[in-house]
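**Student:** Okay, here's what each chain looks like letter by letter:
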Amino acid sequence: MKEGAQVLPVEQGSNLILLRYFQGIKVWKEEKQLTEFIMAQNVSPRSGFGGSRKTNEGVSGGSKDTHSVSKRLHSELMTLMMKGDKGISAFPDGDNIFKWIGTIHGPEETVFSGLTFKLSLEFPSGYPYTPPSVKFISPCFHPNVDTAGNICLDILKDKWSALLDVRTILISIQSLLSEPNIESPLNTKAAQMWKNQETYRKHLTEVVHKNSN
Amino acid sequence: MAEEATTPAPITNGEGISQQELDSNALHDELVMKQQEAIDKEISLTIPLVRDKESVRVLTEEYKEDAVYQKKVDEISASYKFIRRTRPDGNCFFRAFCYASLERLVGKEDEFKAFREKFAASKDILAAAGFTQFTVDDFYDNFLEILDKVGKGMTDQELFDQLNEQSMADYLVVYLRILTSAELRKGREFYVNFIDGEQSLDDFCQLEVEPMYKESDHIHIIALTSALGIGVRIVYMDRGLGGNHDFPDSLAPSIHLLYRPGHYDIIYPNAETV
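Line by line, the protein sequences are chains A and B.
So for the first sequence, the UniProt record's numbering puts the first residue at 1; every next one is plus one.
So for the second sequence, the UniProt record's numbering puts the first residue at 1; every next one is plus one.
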């Protein structure tokens with residue numbers, strides 16, 4: 001792993017940006033967590049990222065692809081932080097760069113306003129040309145989200161390409177919240193209720209999100 | 001207001017489909033997807049990305065029972081000696097193009113220099129398309145790395161091994177897909193005429209060009225060959241008139257591909273040896 005230590009996936013100066021990001025989004029309550037994350041990356045990037053990762057059968061899962069994927073994910077993390085988009089954020093879950101937790105704030109002036117949603121993002125070894133698997137962890141009562149949190153969104157399936165990234169995914173999901181596709185629902189109850197926004201809002205606050213926020 | 005939520009009306013969507021039916025449809029979709037995945041896996045385990053060169057006569061074996069195709073094989077063998085088959089996974093055009101365009105540079109310094117220049121210029125086409133830089137950089141760098149290895153004396157066998165390593169090979173395919181998309185966007189006024197129906201050029205790029213495993217059509221081929229300035233001759237082997245077509249028609253072909261419905265393989269003219 002010595003040669004791994006020379007190829008730092010985190011670019012110079014980026015630790016500072018990481019810290020600023022951390023202060024801004026308050027996702028990570030313990031600064032220690034972040035410091036540990038950075039340390040884990042710098043000491044042994046390959047073993048640190050690849051440890052719990054499965055390799056596809058039939059793919060010669062050498063260090064090349066592991067390294068490329070983690071390098072790409074670091075660029076994505078940087079972009080997310082630097083763009084500072086309103087109401088979306090994401091960060092690796094622990095020291096595994098292949099699993100992230102995303103946060104989306106319900107768009108203002110919609111029934112979801114004031115609500116916060118957590119999502120899990122898992123990156124396969126074929127990332128970025130294979131899409132990540134993205135699911136709601138928080139309950140999300142929405143026409144295009146099923147009860148298990150699975151999302152029906154074209155860019156996560158047949159429109160996915162390597163040109164897309166975590167940022168575009170989160171932005172798309174955020175706009176899906178305010179503009180559901182009622183024609184092909186995963187949750188018919190939500191699709192039915194959508195026409196009455198008042199009832200919908202009431203259902204969200206009094207039933208679905210009763211115990212959260 | 002509260003009554004409305006408690007009314008036990010059957011839940012349907014606009015077309016009167018119940019949640020139950022929806023779930024059973026979803027289950028069906030899932031089964032179809034699982035089956036497709038199993039087929040894909042079978043293909044990926046049994047067929048290499050790129051195979052060794054074989055005599056085009058292997059095609060005779062393949063179409064033993066078919067007089068129409070037998071005749072076509074005879075016609076093809078008059079001009080072509082070898083075939084190199086590629087995995088039929090929807091990426092075959094890009095994979096065949098990639099392999100053939102790198103293979104022809106092995107041990108050919110002048111060709112290498114000319115191609116490297118064109119390849120380096122392809123980065124400008126990407127920049128003009130406005131893609132997020134970091135999403136394209138890795139793929140460009142990776143392609144350039146292999147290209148330069150070829151320039152530094154990589155052997156045919158080494159190239160064969162590299163391009164049969166999935167993670168490496170797929171990075172090359174992704175680059176060519178991104179480049180094709182960028183070229184289509186750049187020449188939008190021209191290419192839009194080739195797109196059927198209501199679909200916009202951007203949608204076409206997002207649905208049919210950029211994603212992996214999406215099959216290529218003439219429009220992909222014209223765009224990629226124009227972007228890199230490499231002429232490709234496609235030899236058609238089907239039940240129709242067959243014949244050849246050169247892309248773009250302004251360039252002499254330096255790569256030859258055999259098209260059979262839904263699939264591209266590399267073929268080598270008679271003048272070339274093993």
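Just so you know, these hints were derived from the structure itself, not from any lab.
Among these hints, one or two may not hold up.
[What the hints assert, rightly or not] Rough simulated footprint, nothing fancy, chain A against chain B, three-plus residues with beta-carbon under 8 Å:
no.	region
1	122-135
2	204-218
[Unchecked claim] In the DSS-like style, the derived pairs of lysine-lysine whose C-alpha atoms are separated by at most 30 Å in a straight line are:
no.	chain 1	residue 1	chain 2	residue 2
3	A	83	A	189
4	A	159	B	149
5	B	118	A	135
6	B	152	B	118
7	B	149	B	81
8	B	186	A	135
9	A	135	B	34
10	A	99	B	34
11	A	71	B	186
12	A	159	B	34
13	B	152	B	113
14	A	202	A	71
15	A	99	A	159
16	B	53	A	159
17	A	99	B	113
18	A	99	B	214
19	B	186	A	157
20	A	189	A	202
21	B	214	A	71
22	B	41	A	159
23	A	83	B	186
24	B	113	A	157
25	A	118	A	99
26	B	71	A	71
27	A	195	A	71
28	A	159	A	189
29	A	71	B	81
30	B	118	A	71
31	B	64	A	71
32	A	159	B	214
33	B	214	A	157
34	B	123	A	83
35	A	157	B	34
36	A	157	B	41
37	B	34	A	189
38	A	118	B	108
39	B	186	B	123
40	A	71	B	41
Ideal placement from N, C-alpha and C gives every residue a C-beta, glycine not left out.
**Student:** Honestly, which of those hints from before does the structure not fit?
**Tutor:** 3, 4, 5, 8, 14, 16, 17, 24, 26, 27, 29, 31, 38
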